[in-house]
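**Student:** All chains should be built: construct the whole structure from the sequences, respecting the hints.
Chain order of the listed sequences is A and B. Under the working numbering, the first residue of the first sequence carries the number 1, and numbering increases by one thereafter. Under the working numbering, the first residue of the second sequence carries the number 1001, and numbering increases by one thereafter.
Certain hints may be false.
Claimed, not checked - Once the Cα atoms are required to be at most 20 Å apart in a straight line, the calculated SDA-like pairs of lysine to any residue come out as:
| # | chain 1 | residue 1 | chain 2 | residue 2 |
| --- | --- | --- | --- | --- |
| 1 | A | LYS178 | B | LEU1023 |
| 2 | A | LYS178 | B | VAL1018 |
| 3 | A | LYS178 | B | ALA1019 |
| 4 | A | LYS178 | B | GLY1007 |
| 5 | A | LYS178 | B | ALA1032 |
| 6 | A | LYS178 | B | VAL1011 |
| 7 | A | LYS178 | B | ALA1044 |
| 8 | A | LYS178 | B | VAL1043 |
| 9 | A | LYS343 | A | TYR368 |
| 10 | A | LYS178 | B | ARG1003 |
| 11 | A | LYS178 | B | TRP1004 |
| 12 | A | LYS402 | A | GLY417 |
| 13 | A | LYS178 | B | GLU1028 |
| 14 | A | LYS178 | B | ARG1054 |
| 15 | A | LYS178 | B | LEU1014 |
| 16 | A | LYS178 | B | TRP1052 |
| 17 | A | LYS178 | B | GLU1031 |
| 18 | A | LYS364 | A | VAL155 |
| 19 | A | LYS343 | A | LEU116 |
The set of hints was computed from the structure by calculation and includes no laboratory data. In this text the structure is predicted, and so the values were computed from the model without any measurement.
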Amino acid sequence: MSTGFSQIASRMDRLYEYDREPVASGKLQTGWQFAGLFAGEHVAATEFVIGAFFVLHGVRAADLIAGLLIGNTLAVLCWALICAPIAVRTRLTLYWYLRRIAGPGLTLLYNVANALLYCVLAGAMISVAATGVLTVLGFPAPPLGQVMPESPAWVIVTLALGAAFTTMAVLGFEKLSKFASVCSPWMFPMFIAGAVFMLGRLGVRPDLGNLWEVMSTRVWNGVATPGQEQFGIWHVTFFAWSANLAMHVGLSDMALLRYAKSWRHGLYSAFGMYPGHLLCWLCSGIMVAGVNREMNPGLMAFEAAGWAGAAAVMIAGWTTANPTLYRAGLALQTITPDWPRWKITAAAGAVTSVLACFPVFFLKLLDYVAIYGLVLMPVGAIVLAEHWIFPRLGIPQYQAEKRGWIMNWRALVVWVGTLAFCFALPTHLFFRWLPGYVLALAAYTLLMRWRRS
Amino acid sequence: MPRWIYGALAVLSLAACVAAPLLYLRQEVSEAAYKNVLAAASVAWFLFGSLWVRGAGRRKD
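**Tutor:** Below is the structure:
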């Protein structure tokens, strides 16, 4: 088993060889470049769904605004105070830093888990894009609560879109990335346009005199749609905080922030959080209220912005599924020896397209996003403990690298144990990651200290 | 055509995307006119935005 891990690990290292060395000082990026990156990344297809779900979950207007402000501020602080300082000090990606801490075996497991989670996320994005096509063609989208694919039209459209997105990802990831950079600035005005139009339909007067009244009685009125759980301010706060948990607390954005001149550049994540995870979520909430709370992103956008809106849903799904498919392919390439990039991207795309046929992934998107962050969060705690806590307690760092361990079993025990603890906690899913994070920090520190003694 | 002209036209297209719904809310244009302007402004953004970005790529080369 150890030999097998070693072989896979050496293949994996070759794949990531290009970013093995710490970033040179001449390649550091300015703050405004980070602002652009964050702004482009956080106005995605999923924003059409997440903001709408807060309306369906009966959040009150004041609770939503307060919760989003607090949650997004906490997320920005996590980027600036947790992820950026480690990235700036090490100038390494999480992949290479985790390899020093936990060994290549655990890094491999992390990669495979990440790839599977990416596939589901890309599947949800394809599903969102499919609702746009179905609306234009005059077919209904799957109703709330549907788990399995039941409509032939839905299956045909999702598979066709999945095949098209995969083909384009195989043929030209670079060109599509350039196209995505043109789409990003356009997406935000489309959210604004759709919401402003729907305000008129909801009865807001031209002088905006009754804006708050309409917001609090017709949009976020505190009444949950039948079958949906009632949410309050803390659900919103914790969701906004943890929507990108894998990126900030889970440290996967070390890949990005290792190019930062200072940890303060983590604060530029505010350019993604406040427009994307505050304004866009508010806009999609207004749009779903304008279509009588029907959870159908395609219909919402088409009603609110016509053909441009339907195109926005499809393009948002396409441009955000593309890098997700690419990342899934990159992560999966470690376990498929000698497969060329096109083949593994096609395989990841096939899996993703099949997953996209199951409406549960986009109709339960809030839960999925929470689970995605939760699964990868313990790895961030392990790295944080090793980087900051171990030197202060005199515990030797990077034992896996120094002793040539394939797998740091203590790190694996902490990861699995933390997940078991989190899934057993009798609280709402959104609240579980925080006690789990504290537990992972303490457990890993104690286990490594105990090993030393 | 100079690249800055493409940039200016692209920014104007985005401004039209935001202005159209405001005009609808102020009841100065109909729903159909708003949606047509939005579609036309979006096409214009992709056209001029792409030319603008392509120009930037060439300059780097």
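**Student:** State for each hint whether it applies.
**Tutor:** Hints versus structure:
1. As the CA atoms of A/LYS178 and B/LEU1023 are separated by approximately 32 Å, the hinted pair breaks the 20 Å bound.
2. With a CA separation close to 24 Å, the supplied pair A/LYS178 and B/VAL1018 exceeds the 20 Å bound.
3. Restraint check for A/LYS178 and B/ALA1019: not satisfied, since their Cα atoms lie roughly 27 Å apart, outside the 20 Å limit.
4. With a C-alpha separation of about 16 Å, the suggested pairing of A/LYS178 with B/GLY1007 holds against the 20 Å cut-off.
5. Distance restraint check for A/LYS178 and B/ALA1032: the Cα-Cα separation of roughly 32 Å exceeds the 20 Å cut-off, and the hinted pair is therefore not satisfied.
6. Distance check on the hinted pair: A/LYS178 and B/VAL1011 sit about 18 Å apart at the alpha-carbon level, within 20 Å; holds.
7. For the proposed pair A/LYS178 and B/ALA1044, the alpha carbon gap of about 17 Å is at most 20 Å, so the pair holds.
8. For the given pair, A/LYS178 sits about 17 Å from B/VAL1043 by alpha-carbon distance, which is consistent with the 20 Å threshold.
9. For the hint linking A/LYS343 to A/TYR368, the alpha-carbon distance of about 27 Å lies beyond 20 Å, and the restraint is violated.
10. At most 20 Å may separate the alpha-carbon atoms for a hinted pair to count; A/LYS178 and B/ARG1003 meet this at roughly 17 Å.
11. Annotation: proposed proximity of A/LYS178 to B/TRP1004 holds, straight-line Cα distance about 19 Å (limit 20 Å).
12. For the suggested pair A/LYS402 and A/GLY417, the alpha carbons sit about 25 Å apart, so the restraint of at most 20 Å is broken.
13. For the hint pairing A/LYS178 with B/GLU1028, the CA-to-CA distance comes to about 37 Å; that exceeds 20 Å, so the pair is violated.
14. Our distance criterion of 20 Å between C-alpha atoms is met by A/LYS178 and B/ARG1054, whose separation comes to about 9 Å.
15. At most 20 Å may separate the alpha-carbon atoms for a hinted pair to count; A/LYS178 and B/LEU1014 meet this at roughly 18 Å.
16. Taken as a hint, the A/LYS178 and B/TRP1052 pair is honoured in the structure, with Cα atoms around 12 Å apart against an allowance of 20 Å.
17. Note on A/LYS178 and B/GLU1031: the hinted pairing is violated, with a Cα-Cα distance of about 33 Å set against a maximum of 20 Å.
18. For the hint linking A/LYS364 to A/VAL155, the alpha-carbon distance of about 18 Å falls within 20 Å, and the restraint holds.
19. For the given pair, A/LYS343 sits about 17 Å from A/LEU116 by alpha-carbon distance, which is consistent with the 20 Å threshold.
Hint violations for this structure: numbers 1, 2, 3, 5, 9, 12, 13, 17, all remaining hints satisfied.
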